[in-house]
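Student: As given, the protein sequences belong to chains A and B, one line each in that order. Just so we're aligned: 77 in the working numbering is position 77 of the first sequence, and the numbers increase by one with no gaps anywhere. Just so we're aligned: 156 in the working numbering is position 156 of the second sequence, and the numbers increase by one with no gaps anywhere.
These are computed hints drawn from the structure, not numbers from a lab. Honestly, I wouldn't trust all of these hints.
[Unchecked claim] Okay, derived cross-link-like pairs now, DSSO-like style, lysine-lysine, Cα gap no bigger than 27 Å in a straight line:
hint, chain 1, residue 1, chain 2, residue 2
1, B, Lys287, B, Lys247
2, A, Lys78, B, Lys431
3, B, Lys496, A, Lys63
4, B, Lys247, A, Lys63
5, A, Lys63, B, Lys241
6, B, Lys241, B, Lys287
7, A, Lys75, A, Lys63
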Amino acid sequence: MTDHPKNRLLRPETLTALGIVVVAIGFLFPTSELRPISALLPAAMLIGLIVLAVALLVTDQRKASRDEPSAAMTKSPKRVVSAFLLILGYALATDFIGFYVSTTITIPLVAFAFGYRNPLGLAIATVIVVGTIWAIFDFGMSQDFPTGRLWGR
Amino acid sequence: MYSDLLHALPDVLAWTNFAAVVIGVIAGIVVGAMPGLSATMAISVLVPFTFGLEPLVALGLMAGIYNGAMYGGAIPAVLLRIPGTPAAVATTFDGYPMAQKGEGGFALQVAVVSSAIGGIASAFALMLLAPPLSKVTLLFGPSEVFWVAVFGLASIIFLLGGNPVKGLISACFGVFVSVIGSDPIYGNDRFTFGQLEILDGIHIVILLVGLYALPPVIDLLETPLKTGVDNSKLGTEPIWKAMPRMKGYWKTWLRGSAIGIWIGILPGAGGSMAAFMSYNEARRSSKNPDAWGEGEPEGVAAAEVANNADTASALIPALTLGIPGTAVAAVMLGGLLVHGLQPGPMLFRENPDIVFGFMWQFLFGAILLVLLGGSLATNSFARLLNLPRPLLGSVIIVLMLIGVYSIHGRMFDVYLMLGFGAIGWVMDRLKFPLPPVVLGLILGGFAEENLRLALRIGRGDPMILFQNTTSLILVALTIAVIIGPTLKKRFINSRKTA
Chain A
1 MTDHPKNRLL RPETLTALGI VVVAIGFLFP TSELRPISAL LPAAMLIGLI
51 VLAVALLVTD QRKASRDEPS AAMTKSPKRV VSAFLLILGY ALATDFIGFY
101 VSTTITIPLV AFAFGYRNPL GLAIATVIVV GTIWAIFDFG MSQDFPTGRL
151 WGR
Chain B
1 MYSDLLHALP DVLAWTNFAA VVIGVIAGIV VGAMPGLSAT MAISVLVPFT
51 FGLEPLVALG LMAGIYNGAM YGGAIPAVLL RIPGTPAAVA TTFDGYPMAQ
101 KGEGGFALQV AVVSSAIGGI ASAFALMLLA PPLSKVTLLF GPSEVFWVAV
151 FGLASIIFLL GGNPVKGLIS ACFGVFVSVI GSDPIYGNDR FTFGQLEILD
201 GIHIVILLVG LYALPPVIDL LETPLKTGVD NSKLGTEPIW KAMPRMKGYW
251 KTWLRGSAIG IWIGILPGAG GSMAAFMSYN EARRSSKNPD AWGEGEPEGV
301 AAAEVANNAD TASALIPALT LGIPGTAVAA VMLGGLLVHG LQPGPMLFRE
351 NPDIVFGFMW QFLFGAILLV LLGGSLATNS FARLLNLPRP LLGSVIIVLM
401 LIGVYSIHGR MFDVYLMLGF GAIGWVMDRL KFPLPPVVLG LILGGFAEEN
451 LRLALRIGRG DPMILFQNTT SLILVALTIA VIIGPTLKKR FINSRKTA
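Just chain B, with the same shape it has in the complex:
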């Protein structure tokens, strides 16, 4: 089972594939360091540019960006108390007070080492857990695959938190977009209104760029933040000199990694939840909890190790079942589809070198964080905070247009992307979750095809969907995911009133 993992290693070490990870990590740190930009946005903008690239080059870029951005978010969190990414909120609690005391450099070094450790642990979890899970899913037939898709959608809607009605609307919208184009079995047009451009359906990249890249650009232009960092106050020393001061954090790293990996696997949770949980647990078990929030370096370690530990692990359900654990994983699924890699059990059988190579790239991306995010680079990355946001916004607009236009070489896709962007902005402002839309688009067609196939096998009898144990387990899990949060809420309320 694991021999494919070793076979994939030489390909990953080819210089083009390795260089992609290096470039990805640097780009990820840059993106993460810019408040308002995120890994999700960066990967959405990147995906269309990877069409002509080898899959491992494209995936290496994505893995690098994901790892880099999760650390990059710590830079403004420490220096300005503005989390670069949502996952870096908990980093501000102790990182910013450290910067105020002139220990910003050490805070960033703790952040980078902790991020790397979390990323490495997460990559190992992916390598160890995904292959056996993929073997189990090989046994699935059309009805089980249909229920996996339903379970995936239900998980991301109901476990994401927030308003379930809005989550359901997002999912229905995503599934509806997936049915636009030719019917997969009969070939008749559905909702194309004579537009030949959408006969093959709506390309996932158009939706991704619109939903995930346009709203942050509008944010950049809407609120001009005045950011300015005096690098002379960072107090940075070489990272090898700072490392001995961190040796006492190993328990926090271990605990935070376990929390991050677990949260990453759970669909709908995410880096911010992992960071908060890890921070709280580390503080609870600290001998000196009163110092937390006043500039305790272990607080930075706890938050950063966990938010990076949920990166690769979020891909465990994504690669094996097609259910992403986080929004970034959902966008990465889109990136895989662009290269003809359909997530699921067959991915491991048909493209072992690519899927296992991708796992190695996550590991190398995490290791590279220490080398690239070390003392010298930290100073350079901190300077990024002085980049003017309106200029950055205008450059991203150009990149979005190029990326979407390049898919088919037509402006129709650009207008379509702008339409999705406007919808995405409204959804974002009204707190409609965006991951269910992407997952709806990915799983909608998949679910429909398998549902229709199952019904054909059962000669139109819908009971075929409930005729085996795996299907029934998946139905039960789906029901549990739907009613679980409501029951939990009632339980908490009843305990409060008691």
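If we strip away everything but chain A, and leave its shape as in the complex, we get:
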């Protein structure tokens, strides 16, 4: 993702434009089942997206033909992918094993994985954050958090 891809079709803007076209066409089908007046705005937006994405695609391919470098997405793809996966993993863990358990694991895990390696600092931060959340939301505002689908609750 950092280097300029050799294949012109793998340039980030080109891929994004193609993605927009495919998704917009996919969403256009259900508009045929709507009343014309209900479908007016969504269809206009989807067609607009397709036309604009094609314009973006053409512009980016022209840049490619002039050997202009493509927009760089990230300098550290591994860190970005890891960050996304950890965030998704945290959401799934909250859903399946419960909020407090997953939060107690996630705060030190994410901080440790991305470079903060002080065990005492991690422990103190986790206790403070989880304790504050419990005091404010659970105790103070009676807010219910997910308790975990795995436990059938």
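Chain A is already provided as a structure; the job is to place chain B on it using the hints.
Tutor: Okay, now just chain B, sitting in the frame of chain A:
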């Protein structure tokens, strides 16, 4: 017209509402001081937590954060040459050289006083200009409201600068998201695919948190910046002792405030543009322009007064017409909607205490900057730069999840937010502007409802949209906004080649 303004004052001074502004200002300075975090992100994360709060408490927090963050951005700009917010870039020009000379403390004091003056001027502009503008918009019918929405979207797409194709894609995406859910008139489902969770549409907070909070968190985790400030080198003295050294800056403050207010009102412009313009103008009229860039305190004053002067003024078009002047104002519109406050003329008629109270909160937030961002606090806030970024990132992730989950108490919204977050990250990296998405979501439903209402009144004849003078003026303004930047570009190019 202005009597409502005075009536709103006692409510603002109630201790809970006032405390909200104080907490907001402190939180805003903290957020602004952390490179990578912004007022937009902080307010996006905050909005879901304000559901159960009184509107003035919630709005006080937002006003405080906005004011605080605009100053907070100056702290790393002065001490590390890393602008905490985009609006603080111009502050680095003279602030950092001052810190190098051991005058970092004075630079921050100039920044805080200038920020407060800019914020106060901006709050007065909001108080004076918004009420009469709201009276004019009361005369609007469905077709005019439709054109106001179109004008708002066009303004933010074409005046924001950058690539208009990307701006249009962002807006189309936002409007498309606004139509998901039940049709507002016939009630049939649109693009819900059987998911009951989105039958009422996609909640704006889910989109805001995804678009504005997730990408900065990824940034925090992606690039671990090593920041470290030795506070002993700040050279801070009590702020009342530093004030007499600033008395020569009044012209810069006046000019910068006027520039900031004007830029704030213009849709699509923002604090960074205001700061650059003010800095350039102040330098141009300086008796000693060569000293600028080498540690001239007036340079810090020029940049900071202007980037704070565009805060409240950005809400003039936002509160009266529903067109935000900046990205933060767009997010604040979302915050207003969460509390059932629809921006526009009726907001001033139906909720005068809240809307005018909000204006007072901007004024108090600006005044509080001097008290809270003074010498002692400046040292404390500078220490924030030593907070480990990965730890900060992990805490924000937890706050995002809590905030979005709390809206309806379901994990579906969290997954939806993560989806928008991924889209927001790609858009951010490819320089697709994010404000048109938010504005598209806010104005999309609004525009559709009024368009359909106008067509019903005109019995299906689209000419109803062009049948009165106000509509035609709005159409003309929209066309001007669309072709204006292109004409300007051609004019500049032709002058260059001539």
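Student: With reference to the structure, classify each hint as holding or not holding.
Tutor: Hint by hint, here is what the structure shows:
1. B:Lys287 x B:Lys247: Holds: Lys287 of chain B and Lys247 of chain B sit about 16 Å apart, inside 27 Å.
2. A:Lys78 x B:Lys431: Roughly 21 Å between the alpha carbons, so the hint for Lys78 of chain A and Lys431 of chain B holds.
3. B:Lys496 x A:Lys63: 24 Å, holds
4. B:Lys247 x A:Lys63: 53 Å, violated
5. A:Lys63 x B:Lys241: Roughly 57 Å between the alpha carbons, so the hint for Lys63 of chain A and Lys241 of chain B is violated.
6. B:Lys241 x B:Lys287: Status holds; Cα separation ~25 Å.
7. A:Lys75 x A:Lys63: Judged against 27 Å, a Cα distance of about 21 Å means the pair holds.
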